[in-house]
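A.B. asks: Each protein sequence line maps, in turn, to chains P and W. Heads up, the first sequence is in our numbering, so the first residue is 17 and it goes up one at a time. Heads up, the second sequence is in our numbering, so the first residue is 8 and it goes up one at a time.
Derived from the structure by calculation, the hints contain no laboratory data. Note that the Cβ used here is the ideal one computed from N, Cα and C, for glycine as well. You may find that some hints are simply not true.
Reference excerpt, derived from the structure (chain W facing chain P, CB under 7 Å, subset only) [said to hold, decoys possible]:
(1) A17
(2) R21
(3) L23
(4) R28
(5) I103
(6) A104
So, partial list: chain W residues that the calculated Cβ filter (under 8 Å) puts toward chain P [what the hints assert, rightly or not]:
(7) D14
(8) S92
(9) I94
(10) E96
(11) Q99
(12) S100
(13) M101
Label pairs and their computed distance ranges (CB to CB) [as the list claims (entries may be wrong)]:
(14) R28/W - K255/P: 37 to 45 Å
(15) L143/W - A153/P: 27 to 35 Å
(16) A16/W - M245/P: 54 to 62 Å
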Amino acid sequence: MTLATQQSGIRVRGLTKSYRDLEVLRGIDLDVVPGSIVALLGSNGAGKTTLVKILATLLVADSGVAEVNGFNTASESAQVRASISLTGQFAAVDEILTGRENLTLVARLRHVADPAGVADELLTRFSLLEAAGRRVATYSGGMRRRLDIAMSMIGNPPVAFLDEPTTGLDPQSRTEVWDCIRELAGAGTTVLLTTQYLDEAEQLADRIAILHQGRIIVTGTLAELTRLMPPTRIEYVEKRPTLEEIFLALVGDAHPTHDPRGADSTGAD
Amino acid sequence: MSTYLADSAALLGRSLRHVARSPDTIITTAVMPIAFMLLFVYVFGGAIDSGTDSYVAYLLPGILIITIASGVSYTAFRLFNDVKSGIFERFQSMPIARSSVLWAHVLTSLVANLVAVAVVLLVAVTMGFRSPAGPLAWLMVGAILILFTLALTWIAVIPGLTATSVEGASAFSYPLILLPFVSSAFVPTETMPGPVRAFAEHQPVTSIVNTIRDLLNAEPVGSGLVVALAWCVGVLALAVLAAGATYRRRFR
Chain P
17 MTLATQQSGI
27 RVRGLTKSYR
37 DLEVLRGIDL
47 DVVPGSIVAL
57 LGSNGAGKTT
67 LVKILATLLV
77 ADSGVAEVNG
87 FNTASESAQV
97 RASISLTGQF
107 AAVDEILTGR
117 ENLTLVARLR
127 HVADPAGVAD
137 ELLTRFSLLE
147 AAGRRVATYS
157 GGMRRRLDIA
167 MSMIGNPPVA
177 FLDEPTTGLD
187 PQSRTEVWDC
197 IRELAGAGTT
207 VLLTTQYLDE
217 AEQLADRIAI
227 LHQGRIIVTG
237 TLAELTRLMP
247 PTRIEYVEKR
257 PTLEEIFLAL
267 VGDAHPTHDP
277 RGADSTGAD
Chain W
8 MSTYLADSAA
18 LLGRSLRHVA
28 RSPDTIITTA
38 VMPIAFMLLF
48 VYVFGGAIDS
58 GTDSYVAYLL
68 PGILIITIAS
78 GVSYTAFRLF
88 NDVKSGIFER
98 FQSMPIARSS
108 VLWAHVLTSL
118 VANLVAVAVV
128 LLVAVTMGFR
138 SPAGPLAWLM
148 VGAILILFTL
158 ALTWIAVIPG
168 LTATSVEGAS
178 AFSYPLILLP
188 FVSSAFVPTE
198 TMPGPVRAFA
208 EHQPVTSIVN
218 TIRDLLNAEP
228 VGSGLVVALA
238 WCVGVLALAV
248 LAAGATYRRR
258 FR
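Just chain P, same shape as in the assembly (with noise of 0.2 Å):
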């Protein structure tokens, strides 16, 4: 409701962490502008979630500054908490109860006015009105999906994470899920989205940044990152590099996919 959010967004300074003798994150910097999407890109335990979760107030950094909202992870975790949506990797929904009825539960957890009313405009509005009264355990993947991303906007928090939110669904699901989070964009949300998925960060983001290797080794519009590959081939087929490309041209990765589909396999079956 207030405007002093507006600077804000998300801040991260020097942060690290480690798993007794694994270091995940090596001293992270990242910004998130307010109201833009940021995708972060990494492989499977480059330490996206951990990043995540320690934003999320979910885990306790080793060293470093993390700032969301304006508001210390580490000392004012509460406010953090208030000013926050999380999406985990699985749809964090109760199976046992209806749809209507976990929209209502987050909803009075979140102190908003009127739960049933609220419950019932974010089940129009994401077309799970018909299924309202059924039991989520019947719902599919994509469904859960956008209860899930539902559950989260209770309460308009400023800030929202959403953490590989199109992993395991088939690809209907997934344009359904990308249309919820520019939804959730376009509402003036500042969303911090992880993936492995390249072409989502491509269609989805504002910014990307490149984590691996618990550092985020570049961050750029899909513009600018482009311009870092150096321009010495010589192809006949006019091509831009895809993201892939750069993703895997940076990371140094010694082994390059063969595949031709390139991104589409990675998640494909």
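With the hints as your guide, set chain W onto chain P.
C.D. replies: Chain W in isolation, oriented as in the chain P frame:
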């Protein structure tokens, strides 16, 4: 504080719905103790000299303890599912008092176990159990059972938070279910060999069972009541501390 209560109420409503929508969890909780009660009264009972004229009345306190010991494993089960499905993390990332998530599960366990205890009591009455106890004695019995349920439920929270499989989450309850067998619940401890008798007479179930039995028989309880309450409160306090430590190690 008022939001703490409102949050806990919302979460309690949620997990009570879980219980109401899977009444089998209450039935399965009550079935085993009822089976034990039938077996001991109608099969072994004739060969057991409990020194009383009503064996149902003699073993009922132990049966109630077994009911609760098996019932609390559903708390571990439900909590494990919450952690696994990610909804636990969702609640943890929301602006609510974090402990209210655990308390909602604990209070749900209390409600579900009291219902199961009531079912077992009804079966005992149909098997001929009668009690001369007055309202005050019944209240005391209720208070002991509530404290005992809370203590065991907080123990159940620990595997619920840490288990890596459903089986692991509920396996902790087996020793708790067996504990009444090595106590005064089914046979007088005087009939047991030395070391077993020493264990039986100094473990919590014996003092709790003896106190409940005295209360239901309208007999004076003496210092046994204090010992029983001390066991319940002591185990409860330790379990809450251990569960809190487990929670902090696992989630912060």
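A.B. asks: Less than 8 Å between beta-carbons is the criterion; does E96/W satisfy it with respect to chain P?
C.D. replies: holds, 6 Å
A.B. asks: Once the shortest beta carbon distance from D14/W to chain P is found, is it less than 8 Å?
C.D. replies: Holds, because the Cβ-Cβ distance from D14/W to chain P comes to roughly 6 Å (cut-off 8 Å).
A.B. asks: For the hint on R21/W, just tell me whether its beta-carbon gets within less than 7 Å of chain P.
C.D. replies: Hint on R21/W: holds, closest Cβ of chain P at ~6 Å, below 7 Å.
A.B. asks: Holds or violated: is the Cβ of I103/W closer than 7 Å to a Cβ in chain P?
C.D. replies: At 5 Å from the nearest chain P Cβ, I103/W passes the 7 Å test, so the hint holds.
A.B. asks: Taking the Cβ atom of L143/W and the Cβ atom of A153/P, is their distance within the range 27 to 35 Å?
C.D. replies: violated, 46 Å
A.B. asks: Under the criterion of a CB-CB separation shorter than 7 Å, is A17/W in contact with chain P as hinted?
C.D. replies: Holds, about 4 Å.
A.B. asks: Lying within 37 to 45 Å: is that true of the beta-carbon distance R28/W to K255/P?
C.D. replies: At 56 Å between Cβs, range violated.
A.B. asks: Could you see if the CB distance from A16/W to M245/P stays within 54 to 62 Å?
C.D. replies: holds, 57 Å
A.B. asks: Does S100/W hold up as a contact with chain P if the rule is Cβ-Cβ below 8 Å?
C.D. replies: Hint on S100/W: holds, closest Cβ of chain P at ~4 Å, below 8 Å.
A.B. asks: Hint check: is the beta carbon of M101/W less than 8 Å from a beta carbon of chain P?
C.D. replies: holds, 6 Å
A.B. asks: Holds or violated: is the Cβ of Q99/W closer than 8 Å to a Cβ in chain P?
C.D. replies: holds, 6 Å
A.B. asks: Please verify that hint: A104/W, Cβ, nearest Cβ of chain P, below 7 Å or not.
C.D. replies: violated, 9 Å
Hints 3, 6, 14 and 15 from the list above are not met by this structure, while the remaining hints are.
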